[in-house]
Each structure stands twice: as C-alpha cells, then as structure tokens.
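Colleague: Given next are the chains, with one letter for each unit.
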Amino acid sequence: MSMREDFQRARSEGEKTARREEILDAAEALVRRAANDKFAISVLAERVGVSKSTIFLYFANKDELLLALYERALQTFFTRFRRSLVRGMTGREFCETFIDTVLVNPTLLILRAQLAHTIERGVRLDSMIAAKQNILTGGMACAAQIEDVLNLKAGNGLRVLMALINLAAGAAQADALPYVDMDVLPDDVAKLVQTAETRKVFLSGAEFVITGATGRAFG
Amino acid sequence: MAIREDFVRARSEPERAARRAEILDVAEKVLRESPDDRFSISDIASRIGVSKSTIFLYFRNKEELLAAMYTQVAAAFFQRFRSRLRPGMTDQEFCEAFIDSSEECPSLVTMRAMISSTISGSLSQSYVAPTFDAIYRTRTDAVAEAEEVLGLEPGQGRTLIKAFMNLMCGAAQVSVMRHIRTEGMTHEMVEALRTSDACVSFLSGAELLMKGIRA
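Sequence lines, in order, name chains A and B.
When we follow my numbering, the leftmost residue of the first sequence carries the number 1, and every step to the right adds one.
When we follow my numbering, the leftmost residue of the second sequence carries the number 1, and every step to the right adds one.
Take the hints with a grain of salt, since some may be wrong.
Unchecked claim - Which bits of chain A does chain B cover? Going by a derived footprint, with three or more residues having C-beta under 8 Å, they are:
id, stretch
1, 10-24
2, 62-76
3, 117-124
4, 168-174
Calculated directly from the structure, the hints in this document are not laboratory data.
No experiment lies behind these values; they were computed from the predicted model shown.
The C-beta atom is built at its ideal place from N, Cα and C for all residues, glycine as well.
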C-alpha cells in the first residue's frame, strides 16, 4: 500500500477540517457497504491511503468516528429537509418529503440503530454531550421552520420532528424483519420492497402525528 | 462444570417443552445481563449446567433460539399491556400502559433490534413463519382489545399499535439515560440528555398520535 504523503500533518484548521471530512466520506462508504461489525479502522485507513495512526490523529477511536459520522448525517438530513419545506404544504406532502429525505440517506438510520447501544458506550462523555448539543441546535432550527410551514404552536415543531424520526427508525427496523424471503428476490427488487414497506408503515403513523399537531385534515 | 443428568434427553413432548422454556428463560437472563447485548450458546449452556450440544437438541442453531426468544418476549409484552387495559381509561393512561409494559419487558426492544440486524439474513423461512405467526396472533388480540377500550374504529387499533411500537423502538435507539451515570453532571447536561430519554420522547409522540386518531 502506498502512503499518501499529502495527507500527513494538517498545517491549518482548514486543512484539518478537510481531512476529517475526507475520512468521514470514506467511512460513510464503508458503513453503507458493511455491517458495523465489519467496520474496521484498518480497512478505512487502507481506503483513504494512510496509516491507522493517521486516522487516530483525527478521531480518538472507532466509536468517536462513527458518532461524528452520525452527527454529520443528521445535520445533512436537517439541511436537505429544511430546503424542501414549503409554506402551506399539506400534512401528507410534509410527511412524504420527510420519509423520502430520510431514505435517500441510509447512513443516518444505519448508525442511529447502533447509537445508544454501541457507539455512545465507546465515546467520551463530553464527546457524547457535545454531539447531543449540536444535534439539538440543528434540530431546534429545523423545528422552528416546521412550526412556520405547518403553522404549529411553539414547541410542537420539535415534538413532531422527534416523533417522525422515531417512527421512521422504528419502521425501518421492523422492515428488516423477514416477512418475505429476500434471498429469492434480486437485490434491487428486495431493496425496493423494503423501502416501499418502510415508507407505507411510516406514513400510516405519521398521518396521526401530524393531524394531532395541526388539528387539520392530512391533505 | 457439573453436567445435569436430568436435563438430557426429554422423554415426552411436555418434558421437551419444559426444557425449551427453561433454556429460553436462561437465555433472556443472559441477554439482559450482557453489557453489549451479545451472548453465546456456551454462556447459556454453562449457566444451565449442560453442554452446548444439549442446547442444540432443542434449538437447531442460535438463530432459531433468537426467534423463539423474540416470540416469547413479544407475547409477554402484549400480555402485560392487555392486563393494564381498562374500559374508559384516558388516552394518556393508554399511552402509559404501553410504555410501562415495555419497561417491564426490556428485552423486547433489544430483541427487535437484534432480529433485524443479526438474524434476518440467516433465518430460513421454516422458523420465520411460526415465529411471526405467533407474534401476529398475540398482537391481533391486543389490537382488538385496544380498539374496544378506546372506542376506535376497526382498523385504527392496528395502525396505532404499529405506530406505538415503531415510536418506542425508534426512541430507544437514542436513549442514553439507562447507560450512563448522571451524578457529577451539570443540570443542563442532564436536561439535554433527558429530552432524548426513550420514555419522555415516546410519550410526547404518542400524545400527538392519540390526538390525531381522535381528530
């Protein structure tokens, strides 16, 4: 394996951030491909073309890296979702936009499933709290916009946001349950079946959450 | 390790069922005590005092054992939930009955996550069908009772229970209160963590859901 000379020793904050992002990009590709059990810093280092110790200059351990990746995926979700919100959209349009934005970014739910159970047990307490606070800040901004577009009373934006994320994560989890023998289906068809089911189950619950928050017809 | 002579070779169906039940109980205890929700067949075998191969007389492999554990914990959960349902209970009481029952069966949330991440790929259809049939039946009974006590229209109960289950399992994924010690932390830190506590976050979403179903 040839070592990339250019990667070593970031000289400025800007360089350091750029390298962190590059490591996270490579990590994201790995996370999407393999279950976390198989996610190893050595594989990641090889992909980036650096040594393991270079990765550890940027992230103290594997769980710190995965937490950073989760936080990035969630902030990306907030940004994309906020961009597609339109004032006066119906509850149904809102929920469809929500679930489509979640499903287009599988890293989010893959890592969320490992969060409390694995990742957060391997990170320093202050890292975990810092991540929660950053997420809360991003979530609050998103919640304020939700209140605006759906015309909700203060406080209900965050409640809607949290309820919808929980519903989506729970629906995606149940979806992996083997009601259908996915082995007999071609990969792309199996994926389609799973996605369609998550979406449907999510929407059936989300309808009531939104109706409960807005008091208006779903759309 | 002393091998338990009495455990080997069940002579009748009831004996066989009793041994399966004992294995399942021990397996759940081992799972609950495991810090990372991992466990092995040898942990279970040594706890009972039998060899691994004895366990395999009752469950063909770890996946079949997991499927049976999940069926059992789901049944226990729905049973507890139904025992809390009362005609005329408020919507809030209904939501609390759901989350309280789940706190009494903590393996439900753990198992649901495990089933999807670990075993769905390796389970063959022969154990899947009975497992999910059994869960479906327990859930159907709970749904019918929920519709009755809440006075819902037919069909609404199923959507509601499904959404509750998803909400609860989604909330559990980010809940850390159970795993960390909060003494020594500032009040603000504790509050920040509490917003993501599973129970708080479940009840917040469940209340909106109930309002929506009444609308």
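Colleague: Against the structure, test the hints numbered earlier, and report the numbers of the ones violated in rising order.
Modeller: 1, 2
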